[in-house]
Every structure is written in C-alpha cells, then in structure tokens.
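Visitor: Each chain is listed here by its residues.
Number of protein chains: 2
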Amino acid sequence: MRIFVIGSGRMANALAPALLRGGHKITGVYSRNAKSGPSLARYLGCDFSSTLVIPKNTDLILLTVHDDATPILAKSLRSAKSIIVHTSGTVDLFALGRKNKGGVFYPLDTMNGKRNMNFQDIPICVEATEEKTLATLLALANTISSEVYVMDSKTRMAVHAAAVFTNNFTNHLLGMAAAITNQVGVPFNILKKLAHTTIKNAFAGNPVEVQTGPAKRGDQKTIKKHLDFLAKNPEAVKLYATLTRSIAAVHKNKPGKG
Amino acid sequence: MRIFVIGSGRMANALAPALLRGGHKITGVYSRNAKSGPSLARYLGCDFSSTLVIPKNTDLILLTVHDDATPILAKSLRSAKSIIVHTSGTVDLFALGRKNKGGVFYPLDTMNGKRNMNFQDIPICVEATEEKTLATLLALANTISSEVYVMDSKTRMAVHAAAVFTNNFTNHLLGMAAAITNQVGVPFNILKKLAHTTIKNAFAGNPVEVQTGPAKRGDQKTIKKHLDFLAKNPEAVKLYATLTRSIAAVHKNKPGKG
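Protein chains in written order, with my numbering: chain Z, -7 to 250; chain W, -7 to 250.
Incorrect hints may have been included.
Since the list gives no way to pick one copy over another, a pair counts as held whenever it fits inside one copy or between any two copies.
What the hints assert, rightly or not - Dumping the calculated DSSO-like pairs for lysine-lysine here, alpha-carbon to alpha-carbon at most 30 Å:
1. 48 to 244
2. 216 to 230
3. 91 to 213
4. 230 to 217
5. 91 to 217
6. 27 to 244
7. 67 to 217
8. 213 to 27
9. 124 to 230
10. 230 to 213
11. 106 to 217
12. 67 to 216
13. 67 to 213
14. 192 to 106
15. 106 to 184
16. 67 to 244
17. 27 to 224
18. 230 to 184
19. 244 to 230
It is worth saying that the hints were derived from the structure and are not from the lab.
Work the whole structure out from these sequences, hints included.
Guide: Have a look at this one:
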C-alpha cells in the first residue's frame, strides 16, 4: 500500500519503518515537529511536509498523533479519498467522523521509537467502518505481524486498560523494587530472573492460580517486617498496603498453598 | 557435601535435587508429611525418616520448613555437629540460635516445586555465623548457581520485600489484567508480549526512567475512560486509583514524554 504518515513520535518512528520493510511505500510524512519529522522522512526516503497536503497517490493515511489531536486532524482530512486510520488504544473509531474508509490500527506493545522494532509477535488490533476497509487493514496488519485481532472500540479500550496494569503499573512496582534494592546497596538486577519467572508463570496459565506470598497466605509477621522496613518510603508503604489488602480480598475464600 | 534435608515442600523439592545434580550426597529426608516426604527421599535415593535423627555422616542440615517452624527445629538440633542453614528470605540468621556453623541459603526465585529446576541463573543469597561456614556456603552455592551474593539478614529482608513487589504484586496486577480481558472475551495472551517487553525495558536501565502511560502524563481523559469501564470490578478500580495516584506522585516533578 501507499501510506502517508502523520506524526513523528514514537509510534510513527516504530511503525512506519516496519511498514516500509513490510513492502509498503511511504508517500510522505507530515509533522509539526521540525526536527523529528524531517528525520523520519529522510529515514523512510520520502518527502517531509510541515503543511498538511496528502499526495494523490496515497491509499492510507496513518494518524499517529496524540489522542486529543486525532479528531481535529480527522476533521481537516474529511475530504480525503484515502483510508484514514489512527493508532490509539483508547480513541473511538467514531472520533474519525467517517462512515467509511475509517479504521483503527493499534499495535499492543510499548513503543520505544526505535526504527528497527520488529512487529512480528506484537498483537495488532484492527477495526474499520465497513467490511472492505476491514479486509484492507487485516491484510496490511498481516504484512508486519502474525498476531492480528479484530476488535471494536469498546473492547480495545478494555484491553488498553488491561495493558496499563500489565505495563505502566508493573513498571511502577519494579521502580519501587529498584528503590528498595538501591537503598540497601544491592544491584536491582538481582530481581531480573524473578521478574521473568513471574511473567512466564502468569502466562503459563491463570495468574490468580499461581499467586503466592505473604499476602496470599495471610502471613502477618512477614507483612509487618516488610512494612517496618519500608517505613521511610511512604509511597512504597501505601502500595504495599493496598496490594496486600487487595490480594487478601481476592484470595480470602480460596484455600491453597501460599 | 553430605546434606540432610528437613522439609518436603516446594523449596526442598526444587533445591535438594539441584544439589544432588551439583555433585552432593543427600544423607536423608525428614518431614512430617507422610506423602511428599517419602516421595522426595525416593527421588533423591536416600532414606526417609518421620522422626528427627541426623545421620552421623552429615556435613550440612538444610532447613526448608515454614518460617515459624525454623527456630523450633533449630532448637531441637542445638547439639548437631553439622552446619545448619535455613532457606528463608525473611527469617533472621539469629533465629537458628547458633554462634557458629549456622547459615542462610536463600534462592531468590519462585519455587514451583519441580525437581528439574535449574538454579544456574537464580541468585543465591548466603550468610553465615562465621567466616569458615561462609566459605563453605559460598562454595556450595557456586556448585549450583553462577549468581551468588553474600548478604546479612537485614539486607536479605529488604531484598525479600523488593521481591514481593516484583513477584507477588506484579502477578496480582496480571490477575486483574486477565480478569479484564476475560470480561471482554479477549485471550489474556494478547498481553504476553507487552508483559515481557515491560520486564526487559525495566531491567535495561532504571524502571522509573522508562515509565509511560496516562498516569505519568496526567492524561485524565484516558484515566476516566478506564475507571468508567472498570466500575463493575471494585478491586480493579481501587488498584487503578492507587497506582495512578502513586505514579503521579513519584513523577510529578519530572518533565518528559508520557
């Protein structure tokens, strides 16, 4: 396909090169960023533009801008003949204001903005205003990923909420763990193996069934030791207390090993 | 070394076979469990005993019992000539009631109780009452792992608290994520790649520096969408609110991309 890219942030920098490698042609990059925009266009071997003009030979416009900017840009592209897709986890398809040739192309992973990012095992959630566009987006997604899901906006938003638990919240807990190990002069890396085992075990079955630890087994003595140690770090104490209470609440009626 | 094993739970079932494969001899297993005790002894090719008698040819007694049982068993083993070590993350070395030939041998990973568990890249935290025993425990740890740390009881307890964040709390968040994906009929596995990327990125540097998401960037619109969707799951709402507030608190004075 011939794809025009709007935006030059992390999503554009990861996704556009992957589409190029997938055999597609990038017809141009538009961005308000006078540095990252031209840089990305140069990398993609296409024109950069600081005014929004869609080249005639464009099949699809890829909107990779911030959530709030999506409906505004979509409005100014109302007369465009190409398909328009956005790449957000939370913005409704409806925000594009289209009855046809509108869609969503949402890759479910954290974008680090690296241009060599491989999308092969990254789930891509697609949605479209009508069957024909959906078929086009499915075909497009399959050129860069082997994990393609058709998903409506409400479901995608739920998956995005689950992704916040999986990525943002988990990363924050690891930040607390790093603060604790740093405090006692132990390299954070000591927890690396445990973190990987945790993910492996959770996805081997149901995470609820592999829950262990003092909160699960109601081990108040250990919980008190931890809270006493954490006392100088109020954020760690709050998280520890909330998560301990939550684990106890979820598991209170489930007997089993701790 | 010639090692006597006390207990037949997950720790004993993972660690004793690894020590056997590491070239050590297991002189016997004592356990109050009439099923798992004999089963483990059979696997290790040694005697099982339901009364606590330490064979004469024992260099080291491996205590793998519950935290509360450790000082009680240590007391009844006061006259034992062998080294005694416990394997807990939170029990003080002091609990063994020994001035010498006492130690801690704490593998930092979740024990699934599988007898083929490879300890090579699992950190082992060792501590001892005196230099000679410490040297013995370091040598022992090195026969099964390439990641050996010397650590006092206070530091080990801090690392254990960090491990609770890394394993127990993270797993609980993944349980919430699974509940959300199940609710909308999407396979939990859609989050697997993201979870692995999260761990990889967090340990590539400092997790605080790679934090992203609506809480970090103060995106109230997305936060509200998520909370509205989660409304039917009060535990998820409480966790979402606490973690969002905590991320905002930690990052409030740090500018940067969301």
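Visitor: All hints are to be evaluated individually against the structure, with a verdict given for each.
Guide: Okay, the hints, checked on the actual structure:
1. In this assembly of identical chains, residue 48 and residue 244 lie within 30 Å of each other by CA distance neither inside one copy nor across copies; the values are 62 Å within and 45 Å between.
2. Both within a single protomer and between protomers do residue 216 and residue 230 lie at most 30 Å apart by alpha-carbon distance, with minima of 13 Å and 22 Å respectively.
3. Taking the shortest Cα distances, residue 91 and residue 213 sit within 30 Å of each other only across copies (25 Å), while inside one copy they are farther apart (61 Å).
4. Taking identical chains as interchangeable, the C-alpha atoms of residue 230 and residue 217 lie at most 30 Å apart whether they share a chain (15 Å) or sit on different chains (24 Å).
5. Taking the shortest alpha-carbon separations for residue 91 and residue 217, only the inter-copy value of 24 Å comes in at or below 30 Å, while the best intra-copy value is 60 Å.
6. Taking the shortest alpha-carbon separations for residue 27 and residue 244, only the inter-copy value of 27 Å comes in at or below 30 Å, while the best intra-copy value is 55 Å.
7. In this homomeric assembly, residue 67 and residue 217 come within 30 Å of each other (Cα to Cα) only across copies, at 23 Å, whereas the closest approach inside a single copy is 57 Å.
8. When the C-alpha separation of residue 213 and residue 27 is checked against a cutoff of 30 Å, the pair qualifies only between copies, where the shortest distance is 29 Å, while the shortest distance within a copy is 56 Å.
9. For a Cα distance limit of 30 Å, the shortest separation of residue 124 from residue 230 qualifies neither inside one copy, at 50 Å, nor across copies, at 42 Å.
10. Taking CA atoms no more than 30 Å apart as the test, residue 230 paired with residue 213 passes in both settings, with 18 Å inside one copy and 25 Å between copies.
11. In this assembly of identical chains, the alpha carbons of residue 106 and residue 217 lie at most 30 Å apart only when taken from different copies (29 Å versus 43 Å within one copy).
12. In this homomeric assembly, residue 67 and residue 216 come within 30 Å of each other (Cα to Cα) only across copies, at 24 Å, whereas the closest approach inside a single copy is 57 Å.
13. Taking the shortest alpha-carbon separations for residue 67 and residue 213, only the inter-copy value of 20 Å comes in at or below 30 Å, while the best intra-copy value is 60 Å.
14. When the C-alpha separation of residue 192 and residue 106 is checked against a cutoff of 30 Å, the pair qualifies both within a copy, at 25 Å, and between copies, at 15 Å.
15. Taking the shortest Cα distances, residue 106 and residue 184 sit within 30 Å of each other both inside one copy (23 Å) and across copies (20 Å).
16. Taking the closest pair of Cα atoms, residue 67 and residue 244 never come within 30 Å of each other, the shortest separation being 51 Å inside a single copy and 33 Å across copies.
17. In this assembly of identical chains, the alpha carbons of residue 27 and residue 224 never lie at most 30 Å apart, being 43 Å within a copy and 45 Å across copies at closest.
18. Taking identical chains as interchangeable, the C-alpha atoms of residue 230 and residue 184 lie at most 30 Å apart whether they share a chain (24 Å) or sit on different chains (28 Å).
19. Taking the shortest alpha-carbon separations for residue 244 and residue 230, both the intra-copy value of 21 Å and the inter-copy value of 17 Å come in at or below 30 Å.
Checked against the numbered hints above, the structure breaks hints 1, 9, 16 and 17 and satisfies the rest.
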